[in-house]
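Chemist: Letter by letter, the chains look like this.
Protein chains: 2
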Amino acid sequence: MKKVFEIKDKRTINALLDTVEYGTLALSNQDKPYAVPVNFVRLGELVYFHGALSNKKMKLLAKNPNVSFSVVNSYAVIDSFFSSTEGLACPATQFFKSISIDGVAKVIEARDMKAKVLEALMQKLQPKGGYTPLSDSVYEKALKSTAVVEIVPSSIRAKYKFGQNLTQERFERIVTHLEERNEPKDNETIEMMKAYKDAL
Amino acid sequence: MKKVFEIKDKRTINALLDTVEYGTLALSNQDKPYAVPVNFVRLGELVYFHGALSNKKMKLLAKNPNVSFSVVNSYAVIDSFFSSTEGLACPATQFFKSISIDGVAKVIEARDMKAKVLEALMQKLQPKGGYTPLSDSVYEKALKSTAVVEIVPSSIRAKYKFGQNLTQERFERIVTHLEERNEPKDNETIEMMKAYKDAL
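Heads up: the sequence lines are chains A and B, in that order.
Letter by letter, the first sequence follows residues 1 to 200 of my numbering.
Letter by letter, the second sequence follows residues 1 to 200 of my numbering.
It is worth saying that the hints were derived from the structure and are not from the lab.
A few of these clues could be false.
Same chains, same names: a pair is fine if it fits in one copy or spans any two.
[Said to hold, decoys possible] Here are the simulated DSS-like pairs of lysine-lysine, each with C-alpha atoms no more than 27 angstroms apart in a straight line:
id	residue 1	residue 2
1	Lys116	Lys128
2	Lys124	Lys159
3	Lys161	Lys144
4	Lys56	Lys32
5	Lys57	Lys3
6	Lys124	Lys161
7	Lys124	Lys185
8	Lys141	Lys128
9	Lys116	Lys106
10	Lys144	Lys106
11	Lys141	Lys124
12	Lys56	Lys2
13	Lys106	Lys32
14	Lys3	Lys32
15	Lys8	Lys57
16	Lys8	Lys197
17	Lys144	Lys2
18	Lys63	Lys32
19	Lys159	Lys56
20	Lys161	Lys56
21	Lys32	Lys59
22	Lys57	Lys32
23	Lys161	Lys185
24	Lys32	Lys8
25	Lys8	Lys56
26	Lys159	Lys2
Kindly generate the complete structure, drawing on both the sequences and the hints.
Modeler: What follows is the structure, given as structure tokens:
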């Protein structure tokens, strides 16, 4: 990846992991990959997801615990004519934040840790609460029938693409076009462009 | 996957592939998976993406052409108390459309086919046009330095989860809560819940 797009700041990476609702889990089944989306939660340096005990992903993980986990927040599509005045298609792109975690998956067996992870997942996806805490004994049976998996990262790469490689002139043309187009993600995209340009 | 969530209609599947801007490509590098997001376009039964010739994904594909490609459109998070009156966390979920394509990747060498794929990608992501068509000779050099990859699917699985498995009572409670919450994706989610309930 181009150095200019690379994000190394842990707080920035964690902020994305704590905001995005799902990631795509990739596994290897012998020489064949298998990709499936899962809701997830971060606790410290680790990432957790859950599922039914008999899921295909649980069966594959039992044979090969290596995982690659991809988390994306996609922003505005940048039309080619936003930055080019020559009418070429090549500058067309999409801005995004993306995190790739390579690591090893470990099935969590301890009841209290499973409850802690599921509680954290609830707090992420349903921050307003309104449910009996997962530590309650009412969940004994549910906890037993739910698999909770921990991803221990061996590497985390983050790529945030917001035009950091562009000349000032092209950069400003994109901002002007996004302001004019004013579609749902466009304002947020301008904000990110400015934030990551300033960070250089 | 539960039968009630499974989508078999080709037009429904194609409509999602033609709307969602990116998918997550999973490859196998020996016994290690590798996941990376890519913009893509469907042409007929095939899916295409492009990238720099020297990308990590191109190097891995040269060694092992097996791919798993995951496309997701995520909808509303469904709070646990939307459907449960017992205060349990378990019913918390997120509704979504997801497609998983397993297949084999093939690098496209023919100049005209590469141009055709990139033109289709432009039409998908920049439907208003405003660029010189990819068939133009101005793109000779750009076409040579761009890798275009075709995914030939061996299986396509589609799972659309919109509460099709719920009792009428729980289903209606969720609709009422979504109407009340009225966050960005909530109305679209209600629309999908009704569409896929009726399709049963």
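Chemist: Look at each hint and say if it fits the structure.
Modeler: Against the structure, the hints:
{"no.": "1", "hint": "Lys116 to Lys128", "in the structure": "within (17 angstroms within a copy, 49 angstroms between copies)"}
{"no.": "2", "hint": "Lys124 to Lys159", "in the structure": "both (23 angstroms within a copy, 24 angstroms between copies)"}
{"no.": "3", "hint": "Lys161 to Lys144", "in the structure": "between (42 angstroms within a copy, 24 angstroms between copies)"}
{"no.": "4", "hint": "Lys56 to Lys32", "in the structure": "both (14 angstroms within a copy, 17 angstroms between copies)"}
{"no.": "5", "hint": "Lys57 to Lys3", "in the structure": "between (34 angstroms within a copy, 18 angstroms between copies)"}
{"no.": "6", "hint": "Lys124 to Lys161", "in the structure": "both (25 angstroms within a copy, 20 angstroms between copies)"}
{"no.": "7", "hint": "Lys124 to Lys185", "in the structure": "both (22 angstroms within a copy, 17 angstroms between copies)"}
{"no.": "8", "hint": "Lys141 to Lys128", "in the structure": "within (25 angstroms within a copy, 54 angstroms between copies)"}
{"no.": "9", "hint": "Lys116 to Lys106", "in the structure": "within (16 angstroms within a copy, 44 angstroms between copies)"}
{"no.": "10", "hint": "Lys144 to Lys106", "in the structure": "within (16 angstroms within a copy, 44 angstroms between copies)"}
{"no.": "11", "hint": "Lys141 to Lys124", "in the structure": "within (23 angstroms within a copy, 48 angstroms between copies)"}
{"no.": "12", "hint": "Lys56 to Lys2", "in the structure": "between (36 angstroms within a copy, 13 angstroms between copies)"}
{"no.": "13", "hint": "Lys106 to Lys32", "in the structure": "both (21 angstroms within a copy, 15 angstroms between copies)"}
{"no.": "14", "hint": "Lys3 to Lys32", "in the structure": "between (31 angstroms within a copy, 25 angstroms between copies)"}
{"no.": "15", "hint": "Lys8 to Lys57", "in the structure": "between (30 angstroms within a copy, 22 angstroms between copies)"}
{"no.": "16", "hint": "Lys8 to Lys197", "in the structure": "within (15 angstroms within a copy, 45 angstroms between copies)"}
{"no.": "17", "hint": "Lys144 to Lys2", "in the structure": "between (45 angstroms within a copy, 20 angstroms between copies)"}
{"no.": "18", "hint": "Lys63 to Lys32", "in the structure": "both (13 angstroms within a copy, 12 angstroms between copies)"}
{"no.": "19", "hint": "Lys159 to Lys56", "in the structure": "between (30 angstroms within a copy, 14 angstroms between copies)"}
{"no.": "20", "hint": "Lys161 to Lys56", "in the structure": "between (34 angstroms within a copy, 18 angstroms between copies)"}
{"no.": "21", "hint": "Lys32 to Lys59", "in the structure": "both (14 angstroms within a copy, 16 angstroms between copies)"}
{"no.": "22", "hint": "Lys57 to Lys32", "in the structure": "both (13 angstroms within a copy, 15 angstroms between copies)"}
{"no.": "23", "hint": "Lys161 to Lys185", "in the structure": "both (15 angstroms within a copy, 25 angstroms between copies)"}
{"no.": "24", "hint": "Lys32 to Lys8", "in the structure": "between (31 angstroms within a copy, 23 angstroms between copies)"}
{"no.": "25", "hint": "Lys8 to Lys56", "in the structure": "between (34 angstroms within a copy, 20 angstroms between copies)"}
{"no.": "26", "hint": "Lys159 to Lys2", "in the structure": "within (9 angstroms within a copy, 35 angstroms between copies)"}
Going through the hint list in order, the structure satisfies each hint without exception.
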